[in-house]
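There are 2 protein chains.
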Amino acid sequence: MNVPRPSRDLLTRYLPILTWAKTYNRDTATSDLVAAVIVTIMLIPQSLAYALLAGLPAEMGLYASILPLVAYAIFGTSRALAVGPVAVVSLMTAAAIGQLGLTSPAEIALAAITLAFISGVFLTLLGVLKLGFLANFLSHPVIAGFITASGILIAASQLKHIFGIDAGGHTLVELVRSIFEHLGETNLITLVIGVAATAFLFWVRKGLKPLLIKAGLSKRMADIFAKAGPVAAVVVTTLVAWIFALGDKGVRLVGEVPMGLPPLSAPSFDPGMWQTLLLPAVLISIIGFVESVSVAQTLAAKRRQRIDPDQELIGLGTSNIASAVTGGFPVTGGFSRSVVNFDAGAETPAAGAYTAVGIGIATLVLTPLLYFLPKATLAATIIVAVLSLVDFSILKKTWRYSKVDFTAVSATIVLTLLVGVEMGVSAGVLLSIFLHLYKTSKPHVAEVGLVPGTHHFRNVKRHTVDTLPGVLTLRVDESLYFVNARFLEDYVLERVAECENLNHVVLMFPAVNEVDMSALETLEELNRRLSEQGIRMHLTEIKGPVMDRLQRSHFLQDLSGEVFLSQYDAWCALKPDAPVGSQQKDVAAQ
Amino acid sequence: MNVPRPSRDLLTRYLPILTWAKTYNRDTATSDLVAAVIVTIMLIPQSLAYALLAGLPAEMGLYASILPLVAYAIFGTSRALAVGPVAVVSLMTAAAIGQLGLTSPAEIALAAITLAFISGVFLTLLGVLKLGFLANFLSHPVIAGFITASGILIAASQLKHIFGIDAGGHTLVELVRSIFEHLGETNLITLVIGVAATAFLFWVRKGLKPLLIKAGLSKRMADIFAKAGPVAAVVVTTLVAWIFALGDKGVRLVGEVPMGLPPLSAPSFDPGMWQTLLLPAVLISIIGFVESVSVAQTLAAKRRQRIDPDQELIGLGTSNIASAVTGGFPVTGGFSRSVVNFDAGAETPAAGAYTAVGIGIATLVLTPLLYFLPKATLAATIIVAVLSLVDFSILKKTWRYSKVDFTAVSATIVLTLLVGVEMGVSAGVLLSIFLHLYKTSKPHVAEVGLVPGTHHFRNVKRHTVDTLPGVLTLRVDESLYFVNARFLEDYVLERVAECENLNHVVLMFPAVNEVDMSALETLEELNRRLSEQGIRMHLTEIKGPVMDRLQRSHFLQDLSGEVFLSQYDAWCALKPDAPVGSQQKDVAAQ
Numbered sequence: 001m002n003v004p005r006p007s008r009d010l011l012t013r014y015l016p017i018l019t020w021a022k023t024y025n026r027d028t029a030t031s032d033l034v035a036a037v038i039v040t041i042m043l044i045p046q047s048l049a050y051a052l053l054a055g056l057p058a059e060m061g062l063y064a065s066i067l068p069l070v071a072y073a074i075f076g077t078s079r080a081l082a083v084g085p086v087a088v089v090s091l092m093t094a095a096a097i098g099q100l101g102l103t104s105p106a107e108i109a110l111a112a113i114t115l116a117f118i119s120g121v122f123l124t125l126l127g128v129l130k131l132g133f134l135a136n137f138l139s140h141p142v143i144a145g146f147i148t149a150s151g152i153l154i155a156a157s158q159l160k161h162i163f164g165i166d167a168g169g170h171t172l173v174e175l176v177r178s179i180f181e182h183l184g185e186t187n188l189i190t191l192v193i194g195v196a197a198t199a200f201l202f203w204v205r206k207g208l209k210p211l212l213i214k215a216g217l218s219k220r221m222a223d224i225f226a227k228a229g230p231v232a233a234v235v236v237t238t239l240v241a242w243i244f245a246l247g248d249k250g251v252r253l254v255g256e257v258p259m260g261l262p263p264l265s266a267p268s269f270d271p272g273m274w275q276t277l278l279l280p281a282v283l284i285s286i287i288g289f290v291e292s293v294s295v296a297q298t299l300a301a302k303r304r305q306r307i308d309p310d311q312e313l314i315g316l317g318t319s320n321i322a323s324a325v326t327g328g329f330p331v332t333g334g335f336s337r338s339v340v341n342f343d344a345g346a347e348t349p350a351a352g353a354y355t356a357v358g359i360g361i362a363t364l365v366l367t368p369l370l371y372f373l374p375k376a377t378l379a380a381t382i383i384v385a386v387l388s389l390v391d392f393s394i395l396k397k398t399w400r401y402s403k404v405d406f407t408a409v410s411a412t413i414v415l416t417l418l419v420g421v422e423m424g425v426s427a428g429v430l431l432s433i434f435l436h437l438y439k440t441s442k443p444h445v446a447e448v449g450l451v452p453g454t455h456h457f458r459n460v461k462r463h464t465v466d467t468l469p470g471v472l473t474l475r476v477d478e479s480l481y482f483v484n485a486r487f488l489e490d491y492v493l494e495r496v497a498e499c500e501n502l503n504h505v506v507l508m509f510p511a512v513n514e515v516d517m518s519a520l521e522t523l524e525e526l527n528r529r530l531s532e533q534g535i536r537m538h539l540t541e542i543k544g545p546v547m548d549r550l551q552r553s554h555f556l557q558d559l560s561g562e563v564f565l566s567q568y569d570a571w572c573a574l575k576p577d578a579p580v581g582s583q584q585k586d587v588a589a590q
Numbered sequence: 001m002n003v004p005r006p007s008r009d010l011l012t013r014y015l016p017i018l019t020w021a022k023t024y025n026r027d028t029a030t031s032d033l034v035a036a037v038i039v040t041i042m043l044i045p046q047s048l049a050y051a052l053l054a055g056l057p058a059e060m061g062l063y064a065s066i067l068p069l070v071a072y073a074i075f076g077t078s079r080a081l082a083v084g085p086v087a088v089v090s091l092m093t094a095a096a097i098g099q100l101g102l103t104s105p106a107e108i109a110l111a112a113i114t115l116a117f118i119s120g121v122f123l124t125l126l127g128v129l130k131l132g133f134l135a136n137f138l139s140h141p142v143i144a145g146f147i148t149a150s151g152i153l154i155a156a157s158q159l160k161h162i163f164g165i166d167a168g169g170h171t172l173v174e175l176v177r178s179i180f181e182h183l184g185e186t187n188l189i190t191l192v193i194g195v196a197a198t199a200f201l202f203w204v205r206k207g208l209k210p211l212l213i214k215a216g217l218s219k220r221m222a223d224i225f226a227k228a229g230p231v232a233a234v235v236v237t238t239l240v241a242w243i244f245a246l247g248d249k250g251v252r253l254v255g256e257v258p259m260g261l262p263p264l265s266a267p268s269f270d271p272g273m274w275q276t277l278l279l280p281a282v283l284i285s286i287i288g289f290v291e292s293v294s295v296a297q298t299l300a301a302k303r304r305q306r307i308d309p310d311q312e313l314i315g316l317g318t319s320n321i322a323s324a325v326t327g328g329f330p331v332t333g334g335f336s337r338s339v340v341n342f343d344a345g346a347e348t349p350a351a352g353a354y355t356a357v358g359i360g361i362a363t364l365v366l367t368p369l370l371y372f373l374p375k376a377t378l379a380a381t382i383i384v385a386v387l388s389l390v391d392f393s394i395l396k397k398t399w400r401y402s403k404v405d406f407t408a409v410s411a412t413i414v415l416t417l418l419v420g421v422e423m424g425v426s427a428g429v430l431l432s433i434f435l436h437l438y439k440t441s442k443p444h445v446a447e448v449g450l451v452p453g454t455h456h457f458r459n460v461k462r463h464t465v466d467t468l469p470g471v472l473t474l475r476v477d478e479s480l481y482f483v484n485a486r487f488l489e490d491y492v493l494e495r496v497a498e499c500e501n502l503n504h505v506v507l508m509f510p511a512v513n514e515v516d517m518s519a520l521e522t523l524e525e526l527n528r529r530l531s532e533q534g535i536r537m538h539l540t541e542i543k544g545p546v547m548d549r550l551q552r553s554h555f556l557q558d559l560s561g562e563v564f565l566s567q568y569d570a571w572c573a574l575k576p577d578a579p580v581g582s583q584q585k586d587v588a589a590q
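Protein chains in written order, with full-length UniProt numbering: chain A, 1 to 590; chain B, 1 to 590.
Be aware that one or more of the hints could be misleading.
Because identical chains cannot be distinguished in the list, a pair is counted as satisfied if it fits within a single copy or across any two copies.
[Unchecked claim] DSS-like cross-link-like pairs, simulated, lysine-lysine; straight-line CA separation at most 27 Å:
{"id": "1", "residue 1": "403", "residue 2": "442"}
{"id": "2", "residue 1": "302", "residue 2": "219"}
{"id": "3", "residue 1": "130", "residue 2": "442"}
{"id": "4", "residue 1": "403", "residue 2": "130"}
{"id": "5", "residue 1": "130", "residue 2": "439"}
{"id": "6", "residue 1": "219", "residue 2": "206"}
{"id": "7", "residue 1": "442", "residue 2": "302"}
{"id": "8", "residue 1": "403", "residue 2": "439"}
Hint data in this document are derived by calculation from the structure and do not stem from the laboratory.
The following block holds chain A by itself, in its conformation from the complex (with noise of 0.2 Å):
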């Protein structure tokens, strides 16, 4: 590990900038530079699509790609991470703000800074109460599964653009429906705009690489070319937009973009707002949260770096609240630009606040020219650029893998597409942690027996091998809870019943990892009646934490039968030539 790990002052554990900024020389000002120039000319037309993504006007796509960087820059940990807008969170955002039923401007742009500021505020409060494991009640299955719907969504929410009509909805019914209904206006001369560009953007990432390659470009170059694709896009459907004065032939465009540096803004504080956006926001913050994250773990496993997630908590959080006071909407850390960031080498985030820079510097000067931008433009780049998220595959590994999985993230992609993204991704984490509950209410009981020669136990009904006469021995393969407690107890009984002349029954614990006192009262129970039917009941392999918590009961003291360290013990004791009295009571624990 080539970076030193962060120190146990608390200041530099709220400000990884402070572990940074001491080595930060003229070299790496240079390559931070650099990656600086290439994300900055990335972000700008990215910016401007995911504002109009989330329903909004697309100065705060640039707004929310200044300060946020600044912000990420003094508390990330991450090297490489870029944040900003970013599809899957921007059509959240849209979908947040739609419940509310706002039609004026001003007041849908204030619903998404407020939107801003509950996530930032989340997300922060999250990080300082070390809180980032809850990320991990979010599979990734129902990870893949929610992005893939969250794309074919975004997509087909940007096909009005292309067509250049109005249209509208959440849902994919919804959307489909609406573009049917009035695809008799479609503007001529914006479907071809709208066509062309996403053929040239599909082009640019499918062909132009391979080509740039064999031009004897690097590998890296000619992926960081291929990113710039749309911007060349921009300029070339904005000065066609231009020339030929599309605007007044029905073509919508961009139009006024206010000039100058974001402006100074405040959440609105109205309770009946806070009250319906708290939900959504919180989902955004897990959201966002897990998906910057994981691209922030993989890049920084690429240099062996390391990331503290509890920190990145409080990183996103001040991002969040920086768009919030500065006219921007909900950002996170975006795949595809920190991988640009990542590959032309930035490394440190001050990379993040010259990519600021330079977003700023477009505010000031860029902007009069993005007047003649279509629309169906940023709309080819967004659905270019989020059919790359769609990914079935993941339906097709958890089929093959787990049942459970597949259900999972079958019924997050279909509730995502059918109900909305808020209950498709509520849905998924829900049942996920349900199915895994499901699942360990209903314990897999393996009855075991020696194999021959060795002083391994394994399955009856796998294995070939002996038992004792009289004996009954069962591996649980499953912590004892509240929620499989009853069933252990029903199990034993039911198949001490079908046996004849039983006089042990042994519990061998070896995948027993925890016994919660819903279990130990069960086991209790059924120590009892086992005594009734004279049947004795001894407990084998306990583990060592099990024991501990054991032995602070009465359990042991009242079991009928022993606790014996290995099964094979066991056997030896319970063994119709036994000596007599082969007992070891004292406590053996793994």
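Could you slot chain B onto chain A? The hints should help.
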């Protein structure tokens, strides 16, 4: 087992009455009749009291004790369970109806009927869909805590009747404050009756039973007599109130109770009311079911009978629907009356039907006599009954045994007392699930070594064991799934970073009962990262079901190391003097 297992015939599954009615004879009928008479006598004051507790007119308590018992006799599987109004469910009913802010008695009664109907439909649906296992999501300590806190709330809510004042509230603070505010309005005669009745009932419980046993009664008969205490209190105080015309002196009496069998009634289908009552109805159903099924199971076990939890749901569901159509309120199986029924010799659910006839007769002839019954007497019977539910020992037990269970139970108690029954039980359920997931999110991982002279591997921190140079062996004590997948990756990489000259990492999986898709991706990533560092990753003691699943992925082919059946095989193969090539990449599972 002296009871035939339910046949697969659908009709007998859904109509348990068909099973026992075939063998019904005069002997069984006599036993059932005797039990029914005793339970009827006990149930009359209880029914009136719990109606009072639920904030409903006294006659609704009687109505809820007629048709529901018949429905349970037809659809229930327990031979001894006695259904009807019970304390905790009545408290929850009062809390649920309180949320509607109704004032007219007719509307309040309609809300109670609707609550019983929703609860009945919900329970029946759960039963038909065989979702009885959902009740397992309530942990034993959470139930114990909830019942204790409910007992306190119920007792506090009845104090106003003892003092003869107007007071109200749904939390402990509200109740206590309200009682203090109105203490000046205390009616002294009421207080004397209330305190005397309470003292008498406590004495009957604690002092009379030993006396009766001394006088030669069997313990069972003494028990039954003691349970008749409330009837004596009712009769005596009613006579006193009549003779001295206490109603004119400000003592509140039950007053006019309509004479006659229950009226036919129908629930409201007002969507607003349903929306408010839905969650309370679900909570009432689950709490009622859990209480009832545990009573039924305890009693069934004593006679080596079985109950079917899914059919129990149908039994309780139809009971509640029956209650809703005959002017009642939510009912469930009660603990004390079921025990009395059992001890008095009830042999089949027919005893419940006979009890229903008994209560029906009471509505026809006894209601005029109830006019002079002081409410203070009913409050005394409730207080004495519920204080036996209050048991704080669960706090001590869980504190000693498991801090996680302690947290869940204390949160349940505190929130039930201070915020209300619904918040208390919901928080208890959610918190115990969250804490369980949290525990598994940071699993115990032990470095293990060979116990000299054996084939056993144990924690290096707990035992004197041998380890191999260049080999790190970790036993993972938890199923691997999305919540802890990242933890494992971080943990292993951190441990690896601390070791010098490491060539092999062995992950021992005897306690890994599941590897979900998220965890599989983590293992793949771990394998890749360790490979990059020139470290091979091996797996040992993989359980059968886990191995079956891993074989459906590419992971085992990509694994840099081997899969060993036992940890000892891995030890032999990785020993420095092991013959090169002693590898067994063939698939081995427990």
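Right, here's what the structure says about each hint:
no., hint, result
1, 403 - 442, "both (16 Å within a copy, 25 Å between copies)"
2, 302 - 219, "within (17 Å within a copy, 77 Å between copies)"
3, 130 - 442, "between (34 Å within a copy, 14 Å between copies)"
4, 403 - 130, "between (33 Å within a copy, 21 Å between copies)"
5, 130 - 439, "between (29 Å within a copy, 16 Å between copies)"
6, 219 - 206, "within (13 Å within a copy, 88 Å between copies)"
7, 442 - 302, "between (41 Å within a copy, 26 Å between copies)"
8, 403 - 439, "both (11 Å within a copy, 25 Å between copies)"
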